[in-house]
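Chains V and C, in that order, are what the protein sequence lines are. 243 is the number that the numbering used here gives to position 243 of the first sequence; each next residue is one higher, with no gaps. 150 is the number that the numbering used here gives to position 150 of the second sequence; each next residue is one higher, with no gaps.
A portion of the hints provided could be inaccurate.
Footprint (simulated), chain C over chain V, 3 or more residues, beta carbon under 8 Å [as the list claims (entries may be wrong)]:
no., stretch
1, 172-181
2, 186-197
3, 247-256
For the record, the hints were derived by calculation from the structure and aren't laboratory data. Every residue, glycine too, gets a C-beta built ideally from N, C-alpha and C.
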Amino acid sequence: MKTLRTLGALCAFAVAGSLGAQTTDEIDHAKAAKEFEKFRAEMEDSNPAELNELKGEELWKAKRGPKNVSLAQSCDLGLGIGKLEGAYVQMPRYFQDADAVMDAERRIVWCMVEKQGFKFEDIAKKPFQSANDASAPDITNLVMYVAGHSRGKPFAVNLQDPKVREIYEIGKEVAHYRAGPYDFACSTCHGSDGKRIRMQDLPNINSKEGATKAVMGWPAWRMTGGVALTLQWRMNDCFRQQRFPEPKYVSDTVTALLTYLTANANGVIYKGPGIKR
Amino acid sequence: MNQNIVFAALAAAPFLVATLPAQADADYRAKAIAMIQKDFKPRGQAGLDRLAEDGVQAICNRTGNKPPEAITKVLEADQLASVKWPADGKLMGDWKKGEKLAQSGRGFTWSDKPGLPVGGNCYNCHQIGPKEVAYGTVGPSLLGFGKQRGNTPEMQKYVYSKIYNAKAYNLCSEMPRFGRVEALSPEQIKDLVALLLDPESPVNK
Numbered sequence: 001m002k003t004l005r006t007l008g009a010l011c012a013f014a015v016a017g018s019l020g021a022q023t024t025d026e027i028d029h030a031k032a033a034k035e036f037e038k039f040r041a042e043m044e045d046s047n048p049a050e051l052n053e054l055k056g057e058e059l060w061k062a063k064r065g066p067k068n069v070s071l072a073q074s075c076d077l078g079l080g081i082g083k084l085e086g087a088y089v090q091m092p093r094y095f096q097d098a099d100a101v102m103d104a105e106r107r108i109v110w111c112m113v114e115k116q117g118f119k120f121e122d123i124a125k126k127p128f129q130s131a132n133d134a135s136a137p138d139i140t141n142l143v144m145y146v147a148g149h150s151r152g153k154p155f156a157v158n159l160q161d162p163k164v165r166e167i168y169e170i171g172k173e174v175a176h177y178r179a180g181p182y183d184f185a186c187s188t189c190h191g192s193d194g195k196r197i198r199m200q201d202l203p204n205i206n207s208k209e210g211a212t213k214a215v216m217g218w219p220a221w222r223m224t225g226g227v228a229l230t231l232q233w234r235m236n237d238c239f240r241q242q243r244f245p246e247p248k249y250v251s252d253t254v255t256a257l258l259t260y261l262t263a264n265a266n267g268v269i270y271k272g273p274g275i276k277r
Numbered sequence: 001m002n003q004n005i006v007f008a009a010l011a012a013a014p015f016l017v018a019t020l021p022a023q024a025d026a027d028y029r030a031k032a033i034a035m036i037q038k039d040f041k042p043r044g045q046a047g048l049d050r051l052a053e054d055g056v057q058a059i060c061n062r063t064g065n066k067p068p069e070a071i072t073k074v075l076e077a078d079q080l081a082s083v084k085w086p087a088d089g090k091l092m093g094d095w096k097k098g099e100k101l102a103q104s105g106r107g108f109t110w111s112d113k114p115g116l117p118v119g120g121n122c123y124n125c126h127q128i129g130p131k132e133v134a135y136g137t138v139g140p141s142l143l144g145f146g147k148q149r150g151n152t153p154e155m156q157k158y159v160y161s162k163i164y165n166a167k168a169y170n171l172c173s174e175m176p177r178f179g180r181v182e183a184l185s186p187e188q189i190k191d192l193v194a195l196l197l198d199p200e201s202p203v204n205k
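Take these sequences, add in the hints, and give me the full structure.
Quick look at the structure:
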């Protein structure tokens with residue numbers, strides 16, 4: 001793990017260094033981005049997130065919480081209690097028992113609260129790993145484990161379900177909603193093709209290709225800080241950069257956004273938890 | 001000023017109804033706005049007031065960033081009228097300070113310390129000086145800006161007011177209104193004007 005972190009730092013250096021010597025050509029930028037992508041892909045062969053998946057497996061199977069039941073015996077991710085294969089890529093989906101459209105993380109939290117008896121406030125107190133934390137929160141490890149069981153399966157958010165369709169349409173509006181001191185919407189930066197902030201390429205989330213870039217590889221082990229993070233965190237940090245206040249944990253708004261993004265990537269094969277910069 | 005915006009927005013209402021694409025979109029938008037209003041919590045300097053649309057944002061949101069021309073002209077003029085000009089009448093500051101400011105992308109997020117100085121965020125979206133290769137492409141390249149356009153008083157006024165309030169020239173521009181929201185002070189904006197227009201600035205070499 002430590003070696004991997006060092007490697008990540010070295011690579012970032014190498015990319016930055018080689019850029020300094022280059023001209024401002026777009027082609028050179030593309031080359032550097034490609035090199036980085038190659039390295040990132042190589043690292044995925046031994047992704048530290050595998051440890052998170054393993055911890056998630058223990059948590060999924062263990063009897064826990066005030067009700068002392070396991071998620072494996074009580075949690076329905078849409079395909080039946082305890083069924084994991086392909087569940088992640090079919091979420092967000094509508095769950096009748098909760099009367100809500102839920103993404104994977106929100107659904108697992110719901111199960112932890114409703115089935116195991118955990119308190120939502122306790123889970124929501126610190127849902128994301130920070131750079132100083134020795135380990136990821138349980139919920140992140142659980143999402144990693146669940147996501148791992150959709151490796152090699154296509155994203156398949158069910159837009160035929162009118163409840164899902166409505167949330168998708170609302171998510172599209174959320175993505176285009178400009179507000180705050182800088183007048184930013186998601187689409188200000190992520191609404192057209194081929195743009196970038198500094199050297200960072202900006203996927204156009206309204207397109208299949210761009211939406212795929214936005215959701216592929218999450219949940220992920222992130223080189224910056226060496227932490228495991230989920231799509232819920234990714235959306236949270238987008239709102240921060242949008243200069244918005246903070247979205248409440250596993251809120252409707254974040255679900256709507258994730259429904260829009262994931263459904264736009266429908267049909268694309270999910271490669272499983274990945275590595276991000 | 002704010003009253004003007006609200007008034008203009010109200011005056012624009014009849015036009016808006018005519019330009020809304022489909023009723024369904026308006027329903028989803030209303031639901032999205034209601035959802036956003038309930039789903040956030042204040043953090044750091046980012047309060048819940050940031051979730052509300054002002055007149056310009058509301059009109060851009062409701063027209064897919066393409067409001068009818070008549071409204072656009074009225075509101076752009078209103079935005080231009082809100083520009084506060086420096087007391088000393090000078091519009092060109094120090095391009096070296098401007099370059100430093102252009103480099104910084106800090107400010108206004110919930111994790112930033114509140115208050116000035118915040119960054120200009122310029123290189124996030126624009127190519128500016130020839131040495132900085134890590135520039136964004138959301139906005140147009142500004143390399144050679146002053147060399148191509150000169151630095152007449154009119155050009156200085158344009159650049160100052162454009163940075164102060166980009167919406168004065170393009171109502172639904174993606175560029176923030178740096179002066180209007182007091183992200184940048186008049187002095188800081190002067191330094192950015194110099195970065196773009198001063199013949200000594202590397203931008204124009």
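The hints, checked one at a time:
no.: 1; hint: 172-181; verdict: holds (count 9)
no.: 2; hint: 186-197; verdict: holds (count 6)
no.: 3; hint: 247-256; verdict: holds (count 7)
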